Amino acid sequence: MAKRAKPTRKSRRGDSRWFRRLLVIGLIAVVGVGAVYVAYLDYTIRSQFEGKRWALPARVYARPLELYAGMSLTAEQFTDELENLKYRTDQSPDAPGTYKRQGDRFQVVTRGFTFWDGKENSHALTLDLAGGHLAALDDSVTGAPLGLVRMDPAQIGGIYTARNEDRILVRLQEVPPLLISTLLSVEDRTFYSHHGISVRAILRAMFSNLRAGGTVQGGSTLTQQLVKNLFLSNERKISRKVNEAIMALLLEWHYQKAEILETYLNEVYLGQDGARAIHGFGLASQFYFQRPLDQLKPQQIALLVALVKGPSYYDPRRNPARARQRRDVVLDVLAEQKVLTPLQVAQAKPQPLGVVPGSPSGITPYPAFLDMVKRQLRHDYREQDLTSEGLQIFTTLDPLVQHSAEHALSTRLQALEKSRGIRHGALEGAVVVTSIEGGEVLALVGGRDPRFTGFNRALDAQRQIGSLVKPAVYLSALEQPDRYTLATLLDDSSLSVKIPGQKYWTPQDYDHQYHGQVLLMSALAHSYNIPTARLGLDVGLANVIDTLHKLGVEGDIPAYPSLLLGAINLRPIMVAQMYQTLAAGGFRTPLSAIRDVLTADGKPLQRYPLTVQQTAAPAPVYLVETAMQQVVRSGTAVALSHYLPASLDIAGKTGTTDDMRDSWFAGFTGDKVAVVWVGRDDNKPAGFSGASGALTVWGTMMHDVATRPLQLTRPANVETAWIDSASGQRTDSDCEAGVQLPFITGSVPSAYVSCHQGATDGNPVDKTIDWIKGIFR
Amino acid sequence: MKQTAIQATGVMVLGLALLLSGCATTIAPVEDQSVGSTNARRATTNTQTPDGVEVFPAQNAPLSQQSIEPMATNPGEFAAPHTTAPQSPAVVALVDNANRQAGSGELDGAAAALERALRIEPRNAGLWQRLADIRLRQNQPGQAESLALKSNTLAVGDKATQAGNWRIIAKARRMRDDVDGAHQADSRADALIGRDAGSAN
Chain A
84 MAKRAKPTRK SRRGDSRWFR RLLVIGLIAV VGVGAVYVAY LDYTIRSQFE
134 GKRWALPARV YARPLELYAG MSLTAEQFTD ELENLKYRTD QSPDAPGTYK
184 RQGDRFQVVT RGFTFWDGKE NSHALTLDLA GGHLAALDDS VTGAPLGLVR
234 MDPAQIGGIY TARNEDRILV RLQEVPPLLI STLLSVEDRT FYSHHGISVR
284 AILRAMFSNL RAGGTVQGGS TLTQQLVKNL FLSNERKISR KVNEAIMALL
334 LEWHYQKAEI LETYLNEVYL GQDGARAIHG FGLASQFYFQ RPLDQLKPQQ
384 IALLVALVKG PSYYDPRRNP ARARQRRDVV LDVLAEQKVL TPLQVAQAKP
434 QPLGVVPGSP SGITPYPAFL DMVKRQLRHD YREQDLTSEG LQIFTTLDPL
484 VQHSAEHALS TRLQALEKSR GIRHGALEGA VVVTSIEGGE VLALVGGRDP
534 RFTGFNRALD AQRQIGSLVK PAVYLSALEQ PDRYTLATLL DDSSLSVKIP
584 GQKYWTPQDY DHQYHGQVLL MSALAHSYNI PTARLGLDVG LANVIDTLHK
634 LGVEGDIPAY PSLLLGAINL RPIMVAQMYQ TLAAGGFRTP LSAIRDVLTA
684 DGKPLQRYPL TVQQTAAPAP VYLVETAMQQ VVRSGTAVAL SHYLPASLDI
734 AGKTGTTDDM RDSWFAGFTG DKVAVVWVGR DDNKPAGFSG ASGALTVWGT
784 MMHDVATRPL QLTRPANVET AWIDSASGQR TDSDCEAGVQ LPFITGSVPS
834 AYVSCHQGAT DGNPVDKTID WIKGIFR
Chain B
144 MKQTAIQATG VMVLGLALLL SGCATTIAPV EDQSVGSTNA RRATTNTQTP
194 DGVEVFPAQN APLSQQSIEP MATNPGEFAA PHTTAPQSPA VVALVDNANR
244 QAGSGELDGA AAALERALRI EPRNAGLWQR LADIRLRQNQ PGQAESLALK
294 SNTLAVGDKA TQAGNWRIIA KARRMRDDVD GAHQADSRAD ALIGRDAGSA
344 N
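The listed protein sequences derive, respectively, from chains A and B. Under our numbering, the first residue of the first sequence carries the number 84, and numbering increases by one thereafter. Under our numbering, the first residue of the second sequence carries the number 144, and numbering increases by one thereafter.
Derived from the structure by calculation, the hints contain no laboratory data. Some hints here could point you the wrong way.
For each label pair, taking beta carbons as the anchor points, the in silico distance ranges come out as [said to hold, decoys possible]:
{"hint": "1", "chain 1": "B", "residue 1": "R319", "chain 2": "A", "residue 2": "E466", "range": "45 to 51 Å"}
{"hint": "2", "chain 1": "B", "residue 1": "R319", "chain 2": "A", "residue 2": "H507", "range": "26 to 32 Å"}
{"hint": "3", "chain 1": "A", "residue 1": "R254", "chain 2": "B", "residue 2": "R319", "range": "49 to 55 Å"}
{"hint": "4", "chain 1": "B", "residue 1": "R319", "chain 2": "A", "residue 2": "R461", "range": "30 to 36 Å"}
{"hint": "5", "chain 1": "B", "residue 1": "R319", "chain 2": "A", "residue 2": "D532", "range": "47 to 53 Å"}
{"hint": "6", "chain 1": "A", "residue 1": "D764", "chain 2": "B", "residue 2": "R319", "range": "30 to 36 Å"}
{"hint": "7", "chain 1": "A", "residue 1": "G685", "chain 2": "B", "residue 2": "R319", "range": "33 to 39 Å"}
{"hint": "8", "chain 1": "B", "residue 1": "R319", "chain 2": "A", "residue 2": "T828", "range": "25 to 31 Å"}
{"hint": "9", "chain 1": "B", "residue 1": "R319", "chain 2": "A", "residue 2": "D732", "range": "37 to 43 Å"}
{"hint": "10", "chain 1": "A", "residue 1": "G599", "chain 2": "B", "residue 2": "R319", "range": "29 to 35 Å"}
{"hint": "11", "chain 1": "B", "residue 1": "R319", "chain 2": "A", "residue 2": "G508", "range": "45 to 51 Å"}
{"hint": "12", "chain 1": "A", "residue 1": "Y593", "chain 2": "B", "residue 2": "R319", "range": "46 to 52 Å"}
{"hint": "13", "chain 1": "A", "residue 1": "Q467", "chain 2": "B", "residue 2": "R319", "range": "50 to 56 Å"}
{"hint": "14", "chain 1": "A", "residue 1": "Q563", "chain 2": "B", "residue 2": "R319", "range": "47 to 53 Å"}
Just so you know, these numbers come straight off a predicted model, no measurement behind them. Every residue, glycine too, gets a C-beta built ideally from N, C-alpha and C.
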């Protein structure tokens with residue numbers, strides 16, 4: 084015990100010593116922890132500030148409109164294009180991005196733009212439109228005719244990080260001095276003299292807040308605001324304030340004022356476009372005024388700086404009065420601080436906000452197309468590069484075609500629902516439009532609400548294609564000219580096929596009728612099921628499957644006889660590929676949504692060049708194309724004449740599946756392939772055949788689209804002969820039942836029949852024949 | 144990312160173009176007096192920019208229609224120029240651009256200009272042939288042959304263009320060591336222009 088008492092006594096003196104020691108240790112610990120913490124903050128700001136400060140999303144552009152005399156263009160289409168590009172009307176257009184329309188005459192000053200193959204300068208143009216064409220294209224200044232002018236392309240979206248931040252980087256030396264002096268006058272007058280925090284500004288803010296009884300002024304320096312935006316959350320806690328102050332001091336310790344200011348200019352949050360956050364003055368200038376920073380007028384600069392205080396509260400599109408009031412306050416500050424003269428301010432104040440109308444909400448107005456672009460890019464680029472390197476992606480989208488497709492689909496689906504008393508919104512659809520020779524996807528609609536980002540039916544809906552498969556069956560047959568020609572007679576009478584392991588397969592037509600002996604051409608034109616099944620079985624399923632693959636259909640195709648009538652699920656984009664190969668005379672070009680990719684600073688990075696591969700011989704393809712024109716002239720797609728002139732000579736094919744679950748139309752003009760699908764997402768019967776559903780969308784759309792007639796080039800090894808429609812034998816050109824058909828050389832039927840022997844018993848073939856005669860004569 | 148690869152192929156292509164230039168006599172541009180005169184005129188009337196010509200006066204078209212058919216061996220071979228003659232001055236201008244770029248070895252640029260022209264006139268056999276020729280010079284014999292075949296399907300009745308296409312196909316096949324195939328293609332070209340087989344090279 085004594086031993087224990089001693090230390091106890093000692094401990095009293097020892098206590099104070101210990102206490103002092105503890106105090107010192109505690110202090111050292113606190114300082115140490117504090118130092119570690121500051122070091123941690125220091126590391127955080129340095130690594131983030133010096134590392135990648137900004138993710139620059141890839142920018143995605145539509146195709147540029149090429150203007151040349153003689154091109155197809157209506158005043159409405161051109162106005163649509165100018166509106167897409169956010170050109171402003173101006174009584175005397177002189178600045179890039181302005182135009183004036185007087186009837187069919189346009190005066191336009193284009194914006195310059197750097198493309199893959201070089202820079203296109205700004206041009207002052209006069210356009211005269213007449214009869215759906217660009218009649219004259221002249222230089223507005225000299226009056227000289229111009230051969231070819233490329234407009235700037237509309238930006239149709241970006242590829243963003245998960246945070247959906249968007250910005251256009253600006254360098255400090257590119258920023259107009261007026262913007263910087265305005266910003267500093269309003270947000271941080273002592274920016275160049277403080278060390279990160281400004282005690283004077285805090286006191287002043289506290290004073291005015293006390294006087295006003297609420298927060299009217301922030302005491303934060305630009306540096307603090309930047310720290311807050313870059314590293315901290317938005318919560319109002321004292322701890323955050325402390326962190327902010329420490330980090331602001333550290334930032335100023337490490338970096339020059341110029342670096343901090345430049346970062347601020349690019350980081351500040353200035354608006355919201357749907358899910359897309361607008362960061363930095365460079366993008367804000369484009370977002371609000373559709374022009375670069377260095378072209379802004381004083382009142383526009385004042386508005387951008389006004390927005391720093393609250394981009395949502397002062398949103399010039401939603402709250403224009405509030406925005407204007409705040410802008411004018413900023414202008415007053417500029418007068419007070421002698422940044423602008425009183426006269427300049429007096430001139431600026433009466434000016435309107437000058438904000439361009441908002442783009443459609445969301446990241447992109449064309450989510451389905453952008454989806455395809457992203458999928459294609461992911462083959463070649465890492466996600467990280469797409470969202471951070473600021474790549475410029477030049478796509479094939481033709482906004483004019485896209486708008487026509489969107490409009491046709493939504494209006495026709497509504498009308499179809501109304502006509503049958505179907506619940507609104509029950510029908511869905513998809514549209515793909517491509518160029519024939521280039522395989523460029525011009526338009527892609529993934530559903531009836533084209534702005535909705537969701538299930539992309541054009542790329543992902545796997546639906547039975549029904550009779551759309553038939554051209555492949557007939558092509559397989561016509562590739563054997565010694566066995567089949569367009570004049571071969573096919574048997575349309577009841578057919579039953581025993582399928583191993585299953586019951587009998589008994590194909591039927593929708594009208595359950597038999598047509599006896601029909602010409603091969605008529606069987607395709609009228610989409611008769613039984614002759615097609617017979618033909619396909621005769622040619623062999625393996626051959627038909629091979630043909631489908633050659634036309635561009637990917638994946639396994641099960642060899643069931645029902646394949647011959649379209650029991651195969653394909654995505655609309657795949658159907659478009661199949662019909663592209665047919666339309667291009669047997670030359671397959673992989674469908675592409677991208678032309679080229681540039682780096683952020685405009686250097687060429689990658690091209691997606693035009694490639695072709697001959698996968699089917701031109702002559703049999705020509706015969707199939709001729710028969711597909713007959714589908715439109717006199718077959719299942721005659722209704723197309725309600726929408727489009729016969730002179731376009733369109734080739735097409737309707738498709739309908741069991742119980743009318745799917746309604747398809749695929750066809751091509753002289754320069755475009757288009758595929759339309761209509762049906763229900765739950766795969767219940769929609770109630771429309773290819774002709775009564777999808778065809779009406781196709782026709783409505785193509786009516787609005789600039790296109791050219793289909794003029795097939797007859798291959799050298801194809802000749803024509805007069806054929807008796809009843810017997811399929813050769814006959815004379817003056818015969819009533821005679822029809823002129825194309826044949827691969829050497830396959831013209833040798834048997835001859837005179838007119839007077841030709842039977843005419845009024846079967847449907849004859850109606851076709853009359854049509855054909857009209858065309859071929 | 145892709146640049147090094149592009150540069151590398153660029154160097155290869157340039158080297159190949161030099162190698163090929165020795166045997167490129169049969170596809171040299173057509174000698175035509177009007178070409179020289181229009182070129183001279185172009186120098187004074189075009190609105191040229193330092194960073195590339197993009198605007199062309201329509202009337203002083205910088206290129207005669209004939210010079211779009213560079214594959215034929217002599218002017219007398221133009222049997223049916225309708226399949227190759229450009230319909231619009233815009234295409235003439237782009238072909239001129241492509242020719243100039245191809246001349247200075249910028250084959251990607253030339254191809255891009257031809258693709259632009261093809262968007263305007265997709266069924267112009269001459270444009271497809273020019274593109275086939277560029278692909279040949281870029282050491283892409285597969286695409287060269289496909290594009291020449293495509294040109295042929297559009298050049299029905301135009302023997303000169305067809306002959307030019309078969310020459311390109313012959314070269315493409317030679318590039319792939321298909322000597323027999325090349326010989327057959329040359330024979331078809333010879334037959335089209337009424338020469339004895341084998342005399343072309």
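Each hint tested on the structure:
| no. | hint | verdict |
| --- | --- | --- |
| 1 | B/R319 with A/E466: 45 to 51 Å | violated, 38 Å |
| 2 | B/R319 with A/H507: 26 to 32 Å | violated, 60 Å |
| 3 | A/R254 with B/R319: 49 to 55 Å | holds, 50 Å |
| 4 | B/R319 with A/R461: 30 to 36 Å | holds, 32 Å |
| 5 | B/R319 with A/D532: 47 to 53 Å | holds, 51 Å |
| 6 | A/D764 with B/R319: 30 to 36 Å | violated, 49 Å |
| 7 | A/G685 with B/R319: 33 to 39 Å | holds, 37 Å |
| 8 | B/R319 with A/T828: 25 to 31 Å | holds, 30 Å |
| 9 | B/R319 with A/D732: 37 to 43 Å | holds, 39 Å |
| 10 | A/G599 with B/R319: 29 to 35 Å | violated, 52 Å |
| 11 | B/R319 with A/G508: 45 to 51 Å | violated, 56 Å |
| 12 | A/Y593 with B/R319: 46 to 52 Å | holds, 51 Å |
| 13 | A/Q467 with B/R319: 50 to 56 Å | violated, 39 Å |
| 14 | A/Q563 with B/R319: 47 to 53 Å | violated, 30 Å |
Of the numbered hints listed earlier, those contradicted by the structure are 1, 2, 6, 10, 11, 13 and 14.
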